[in-house]
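Engineer: Now for the letters of each chain:
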Amino acid sequence: MTDTPIETPRKPSVRQLSGPETVFRLPGTQPGSTLIAARESRSSGSLALAPVIEIDKLYPAAQGSRSHLVTALGLLADGIDFLAQARIAAQKGRLIESDRYTQRFQATLPSLFRCRKIGDGFAVVINALHFASINMHGKPLNLDQITTSWRILKELRNGPFVEFEQGLEYVEQLEGCGLEVDPPIVSELLEDLEHEQSLR
Amino acid sequence: MTLAVCEVRYEDAYLIYDHTGQIYHELRANFAGLKVISPAPSQTTATADQGSFGLETGASRFTTNKPDSKLEQFAVSCKHFFESVTRNLEVKVFTRVGLRTMFRKDFATLDEAKSAFTSLKLVNLKPTERFGAAAEPHEIYLRWEGKDVGTTWRLKAESGKIDVILPPELEAEKSELHKAFNGLVLDVDYYTVAPVDRSQWDPTEWIQHSIRTIRRDTDAIFGG
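If you read the protein sequences in the order shown, they are chains A and B.
Converting from the first sequence to this note's numbering requires adding 22 to each position, the first position being numbered 1.
Converting from the second sequence to this note's numbering requires adding 35 to each position, the first position being numbered 1.
This is chain A alone, in the form it adopts within the complex:
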């Protein structure tokens, strides 16, 4: 008997469905499509220690992909690599070499900005890094600033869909190491405002 009786949707029975398969509800489907009753044996709290998935495994790069995410992951990987090289050079006191790598990282920012559709959290971090580089007016980043940018970029690459609030936390960390992350016009307006307040 191989017939497959498929019933019209009706009120499903109430039961927990957490077998090993991605579950769907079709009451009365063939044996191969029924739900397996085995439960996962993951104990509560185990996630605290379990490493999360690698982002490149979750979104493997496909040839010819026009996805903003795939583009951004590639650019972020380049940026992380440039900043890592800049850190090594800065640690060894080779400041010109460090600045050269930092500039190569900064050159990736406009392309990353074009991927801002990924999310508000992503966009706010890239924006902040972009304006931080503009506000440096050609001065090189110090080791602390390079390290902070490098660390944040790594975290952003592993979790590009960060919430806006988390993005703001990253921006605060950039500000904490002395980077000016506001657009130049905003900085000027703030300076004018502070100047006016000091005159009162």
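Derived from the structure by calculation, the hints contain no laboratory data.
Positions of the beta carbon are idealized from the N, C-alpha and C atoms, including for glycine.
Errors might be hidden in some of the hints.
Stated by the list, open to error - Which chain B residues face chain A? A few, computed with CB under 10 Å, are given here:
1. CYS41
2. LEU134
3. ASP183
4. TYR226
5. VAL228
6. SER234
7. GLU240
8. HIS244
Let chain A serve as the given structure and place chain B on it in line with the hints.
Structural biologist: Showing chain B alone in chain A's frame:
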């Protein structure tokens, strides 16, 4: 494609007892014809024009039996649903994310479907009767699993029958509907093994990547 399901699992989210109503209230903005079928404290099911929803303490899923071929609309629906769920239940990490898709190729008879299955040569066994059942298997179930992702892949030659008895209130010309089909059914479940952080997962991106992977590797299995 006859079915698509996207499911996320998480450690028990007890905020479900407080926020289920909020989730369905938010879903009404994006899903026409939303109707809660089975409201229960720890498990609620609902349907809408776009598909059906399942919300539980440890998992939630969106299902459609009319998926678009590239799953673009399906992915948009998933994004609306899962964003509301994860925000309201404050889910930070998914223990598993899965995409299950079913495809069917119809044949005139079950024997034709079985012949088509055999011609694919997916099983390297001599055609000898085994277990007193049959000479050739007509179903194959495979699983590939690494430390990050896994897939179960099932192909079966089968026949099916749909029997619907219509309620008399409809006053339809026919009080019953019956439909039989024979075909090859492919059932692919693509899922994550390692935990997925909330900031790593976007339903639209992931579903598009996943369906491409499913199609590419299934084509490769069929020798395409």
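Engineer: Run every hint past the structure and note whether it holds.
Structural biologist: Now the hints, each set against the structure:
This hint holds: CYS41 (chain B) has a C-beta 8 Å from the nearest C-beta of chain A, less than the 10 Å allowed. Checking LEU134 (chain B) against chain A by beta carbon gives a least distance of about 7 Å; that is within 10 Å, so the hint holds. Look at ASP183 (chain B): its Cβ gets to within about 4 Å of chain A, closer than 10 Å, so that hint holds up. Hint status for TYR226 (chain B): holds, given a least beta-carbon distance of 6 Å to chain A, under 10 Å.
Below 10 Å, beta-carbon pairs count as interface contacts, and VAL228 (chain B) has one with chain A at about 8 Å; its hint therefore holds. Proximity of SER234 (chain B) to chain A holds as hinted, the smallest CB-CB distance being about 3 Å (cut-off 10 Å). A cut of 10 Å between beta carbons decides the hint on GLU240 (chain B): the least distance to chain A is about 5 Å, and the hint holds. Residue-level restraint check for HIS244 (chain B) holds (minimum Cβ-Cβ distance to chain A is 5 Å; threshold 10 Å).
The structure is consistent with each of the numbered hints, conforming to all of them.
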